[in-house]
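Participant: Sequence:
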Amino acid sequence: MWWVVVRPGDAIVGDEDGVVVVPSIMCERVLEIAAEREKIERVIKLELRKNPGSPGKYYPFNENTKKLFEEYKSRGEV
Numbered sequence: 058m059w060w061v062v063v064r065p066g067d068a069i070v071g072d073e074d075g076v077v078v079v080p081s082i083m084c085e086r087v088l089e090i091a092a093e094r095e096k097i098e099r100v101i102k103l104e105l106r107k108n109p110g111s112p113g114k115y116y117p118f119n120e121n122t123k124k125l126f127e128e129y130k131s132r133g134e135v
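If you count the sequence shown from 1, you need to add 57 to reach my numbering.
No lab work stands behind these hints, which were simulated from the structure alone.
Watch out, some of these pointers could steer you wrong.
Said to hold, decoys possible - With a straight-line cut-off of 25 angstroms between C-alpha atoms, the simulated PhoX-like cross-links for lysine-lysine are: (1) 114 - 130; (2) 123 - 96; (3) 107 - 123.
Stated by the list, open to error - Pair ranges (Cβ atoms, derived): (4) 81 - 60: 30 to 40 angstroms; (5) 110 - 64: 29 to 39 angstroms; (6) 128 - 65: 14 to 24 angstroms; (7) 65 - 112: 19 to 29 angstroms; (8) 107 - 62: 23 to 33 angstroms; (9) 132 - 64: 19 to 29 angstroms; (10) 127 - 63: 31 to 41 angstroms; (11) 87 - 135: 34 to 44 angstroms; (12) 66 - 118: 42 to 52 angstroms; (13) 65 - 107: 38 to 48 angstroms; (14) 66 - 90: 11 to 21 angstroms; (15) 131 - 61: 16 to 26 angstroms.
All residues carry an ideal CB built from backbone N, CA and C; glycine is no exception.
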């Protein structure tokens with residue numbers, strides 16, 4: 058068992074992989090990062106529907122992922 062300090066204003070976020078505590082001072086930045094990651098995930102899903110193949114070419118996020126995301130972004134698709 059792990060112990061963690063949770064203070065008023067901290068965010069507790071969880072999914073099927075686990076739970077984390079985000080200190081209140083970092084909440085806004087973490088939300089920005091998470092929102093950007095969601096956009097990238099959507100692009101990967103769109104691309105894999107158009108061109109079925111291994112998602113391993115995009116995970117973990119790498120140069121292929123960045124390039125793909127920028128292409129979709131430049132076309133206004135994200």
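Participant: Hint compliance check: list the failing hint numbers for this structure, sorted ascending.
Facilitator: Numbers 4, 5, 6, 7, 8, 9, 11, 12, 15 - these are the hints that the structure violates, sorted from lowest upward.
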